[in-house]
Amino acid sequence: MKIIDAHIHFSKIESFRETAGKISLVDYSGKGLEKEFGEAGIVAAIGMGLTEQEAWAFPDQASPNPMGLDLELDFEGGLEGAAEGMVEDKPENGLNGFKDGKTCPDGTVHRTPAMVACCIGINPVRLDRENIVGKELDNIEMKLARPEVVGIKLYAGYYPYYVFDKVYEPVYRLALKYNLPVVIHGGATYSDRAYLKYSHPLAVDELAVKYRDINFVIAHLGDPWVMDTAAVVSKNPNVYADLSGLIVADGIKIASLRKERLFMDHIMRALVYAEKYNKFLFGSDWPLAPVKPYIEFVKDLVPEEFYEDVFWKNAVSIFPRLKNSSGRVKFRIELRKLGTLSLLH
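Each residue of the sequence shown is one higher than the one before, starting from 1 at the first, in this note's numbering.
Hints were generated in silico from the structure; no laboratory data involved.
It is possible that some hints are incorrect.
What the hints assert, rightly or not - Cross-link-like lysine-lysine pairs, in silico, DSSO-like; alpha carbons within 30 Å at most:
# : residue 1 : residue 2
1 : 177       : 292
2 : 276       : 259
3 : 292       : 253
4 : 235       : 177
5 : 235       : 323
6 : 35        : 12
7 : 299       : 313
8 : 166       : 235
9 : 323       : 210
Source: prediction; values computed, not measured.
With the sequences and hints as input, model every part of the structure.
See below:
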């Protein structure tokens, strides 16, 4: 079975690195991703843009917009990049974790695996500052035009704003303009500096009613408020949910939790209540869990007749750029090289 992982991370976040090394026991690197995902049958993945300007700063209110995928820097080229007039990938230069396949003056260039698309991350704190909001929005729109950008990610709870706050209104206008979905963090947070009241999935209900032409994805099924998420998904035709981040553990712990009836029933109750498997997407939240064991965990939650929807078709439907017909799109060219492009139709 071919799979699209609709929620992963590929950013230089120290808490993610620590989790990968001590809890989930995965190789949090480009090579590690390609090996692990290849063995699991994953043909494409969507990375959630996120950056921190110094170690352990996440959620970092200083991160410029938009936030991208900045886990790895390779070295090549040296002075060639300077001759081409490229700029170094630093926040003040407006790149902030975005690959462009060109060499920078200091010889660095981002190497995000070709199978990974991106939902750009938004820092609302900087959108709430009159002196910089114009430039921040210009940078966001510039990145939304890039072919590997397939959506927008809001870190509700990590930043102290409700998703229906006016600070996000320009972002939603851009989502409408570019016909891109908005993924919203839901439920418990991976930082004790976050505010849970802002990440409750019921807040998405108000948003979905106001912006009926935008598709919203509640991440992590809004866990632990999974029944509230199910109600919002069931009621609103433009709201979906991904099943990522429900377990942060290694393969052994995941296998153990699959046998815990109360744990599994907690999640399955929400899926059964919603009764709309065309509105749920597979995501692993890698590197917070190894993908193969997590796939088996999600299979236990979903009736087999809906595997194709949850593991593949729903992502293609909700993220239309994954199936963009343009032959000039680098993401699709790379998928064609891998022999997986036809799987996205």
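### Violated constraints from the hint list, given by number and in increasing order
Violated hint (a single one): 1; every other hint is consistent with the structure.
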